[in-house]
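Participant: Please take these sequences and the hints and turn them into a complete structure.
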Amino acid sequence: MTAYIVRRLLVSVLVLFASSVAVFSMIHLAPGDPVEMLTFESGQITDLDAIRERLGLNDPLPVQYFRFATRALRGDLGHSIRSNRPVTEEFFSRLPNTLKLAVASLILAIIVGMLAGIASAVWANSLIDYVVMFSSVFGISMPVFWLGLMLMLLFSLRLGWLPVSGFSTWKHMILPTITLSTISMASIARLMRSSLLEVLQEDYIRTAKAKGLAYWSVLFRHALRNSLIPVVTVAGLQLGMLLGGAVLTEMVFAIPGVGRLVVDAILTRDFPLVQGSVLFLATGFVLVNLLVDLSYFYLDPRIQYT
Amino acid sequence: MATEVSYPSGTRGKSEWSLSTKVYTTERQRVLRQLFRRRTAVLGLCIIVLELLAIVVGPFLMPYDPTNPSMADRFQPPSRKHALGTDELGRDVLTRILHGGRISVTAGIFSVILGMLVGVPLGLAAGYFGGRIGETIMRFIDVLLSFPGILLAILIVGTLGPSMWNAAIAVAAFSVPIFARVVRGATLSVKGNDYVEAARCVGCGDVRIIYRHILPNVLAPIVVLFTLNIGVAIIYASGLNFVGLGGKPPMPEWGLMLSSGRSYLRHEWWVATFPGLAILITVLAMNLLGDGLRDALDPRLRIQRL
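Heads up: the sequence lines are chains A and B, in that order.
Position one of the first sequence corresponds to residue 53 (our numbering), numbered consecutively onward.
Position one of the second sequence corresponds to residue 2 (our numbering), numbered consecutively onward.
Covered by chain A, according to a simulated footprint, are these stretches of chain B (three or more residues, beta-carbon under 8 Å):
{"hint": "1", "segment": "152–162"}
{"hint": "2", "segment": "242–251"}
{"hint": "3", "segment": "278–292"}
Rather than coming from a laboratory, the hints here were simulated on the basis of the structure.
Think of the CB as a built atom: it goes at the ideal place given N, C-alpha and C, for glycine as much as any other residue.
Facilitator: Set out below in structure tokens:
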């Protein structure tokens with residue numbers, strides 16, 4: 053078990069290293085010069101080369117990467133070229149908004165998705181099942197940004213129940229959360245249904261029924277636990293998807309979150325900000341995947357770690 | 002008459018005895034019959050055929066131009082003259098959706114073909130050779146998966162510069178790991194079959210074995226993934242266009258139409274509503290067909306959608 057965790061941590065570090073190299077080279081090989089963009093926008097004519105020299109952009113790429121990596125290991129990801137604030141500060145001032153949105157969406161998706169999936173499997177081929185399956189096919193086919201606009205049109209513009217955009221009170225969170233959770237909710241419901249249906253056919257379920265246990269007890273004590281494994285895997289992956297999908301939702305509802313930060317940073321070629329933010333996001337994603345893998349151990353003791 | 006032998010499903014070109022009807026059928030006929038038995042899959046197929054017909058023939062039948070402004074007709078609500086209304090430059094929304102369908106559907110198909118061309122060989126090689134090659138490939142896939150998909154796509158568009166085709170290429174990048182993983186799994190299970198061993202005994206080379214013996218037997222998951230991923234690709238490609246990381250405004254791409262229409266949501270709701278509806282219907286049809294194909298080709302096939 054310990055050996056497994058240690059190995060997984062090592063692999064995670066490798067993955068993070070590889071992705072930092074990849075992001076670094078991609079953003080630097082891209083056409084477009086941040087310094088030119090900056091001076092072009094401010095309208096000042098200054099010595100471009102002096103600025104590049106100061107930012108270290110004239111050095112060879114491996115030297116630049118080495119500098120970035122050694123500083124990053126000490127927790128210093130540099131300053132944003134545009135705002136001149138530390139990258140860490142920029143990122144973490146935006147992170148709470150995105151996290152609030154992603155976590156709220158994940159919780160909503162898990163609760164509704166699992167309940168719908170369980171109901172659908174328990175009453176398979178009933179009206180409930182058809183309704184759930186029909187709506188979840190719609191859910192996984194939904195363009196998130198369009199759903200956001202439609203919800204906004206109905207609840208904010210027409211009915212006037214909820215604010216249009218911004219992110220200050222809980223009322224602002226309702227529509228973005230529903231928008232972002234739809235796809236995850238639908239895929240969790242579909243997976244929960246098929247996984248539970250499969251487990252319900254196993255021999256030990258028949259045994260449990262045969263020895264006279266109540267149906268609900270069989271369902272919740274025996275079947276549900278074992279059908280949770282694929283659902284947990286996907287729920288874990290969904291958190292990563294949600295962080296990504298938050299980009300589109302943040303755009304629609306004008307929420308100052310990490311997604312908009314990264315898109316703006318890429319469009320303005322703010323190298324340090326892109327590298328830093330992507331590194332943080334990738335770290336989060338890798339950690340979540342690790343936690344998901346470890347949680348199998350508690351869900352299914354049969355799984356052996358080697 | 003041959004003896005009663007049942008071949009494992011997925012064996013191409015082989016035939017089997019159907020005990021119930023005593024009809025001599027090929028595998029292809031069996032799959033098609035299974036597929037057409039599913040009403041939802043047939044519905045999906047019908048929508049796709051109708052839609053393809055509409056976007057191929059439709060633009061020739063419409064009397065309006067998709068890009069030329071006609072300011073006298075600004076913001077006409079849906080009427081007999083303009084079935085879906087007109088936008089902020091007086092262009093007919095239906096005409097633009099039909100033209101845009103050519104762009105969005107082509108982009109979706111193009112990006113999945115690209116992802117397949119990279120992902121399938123990687124998966125075949127990783128599964129067939131195993132060992133160090135397989136490990137290296139799968140670590141590379143892990144790195145790709147360690148980014149939330151849309152973030153990876155945004156990075157790629159940031160590197161290549163925003164354009165419609167670059168958005169499609171970026172979307173291809175996150176179908177690569179999905180293809181690679183599934184094909185690797187399928188290859189691993191096919192590799193152990195006797196006919197692979199037999200082929201090796203008669204002196205077939207690795208390339209021939211992979212191409213003639215493995216590939217035909219892992220086609221089923223590839224076909225299913227292909228169908229399901231076109232829908233996903235259309236959503237993400239139009240999402241990139243929506244946030245500004247794609248084509249430029251006069252182009253009637255669905256995501257672009259949505260993003261320019263969102264400013265007029267309050268009063269001219271039709272400008273943003275119908276392009277999104279077009280995306281939803283297209284993706285829904287693809288998903289219905291994909292689910293049906295999966296069930297028909299191999300019920301045991303468990304392809305996880307991400």
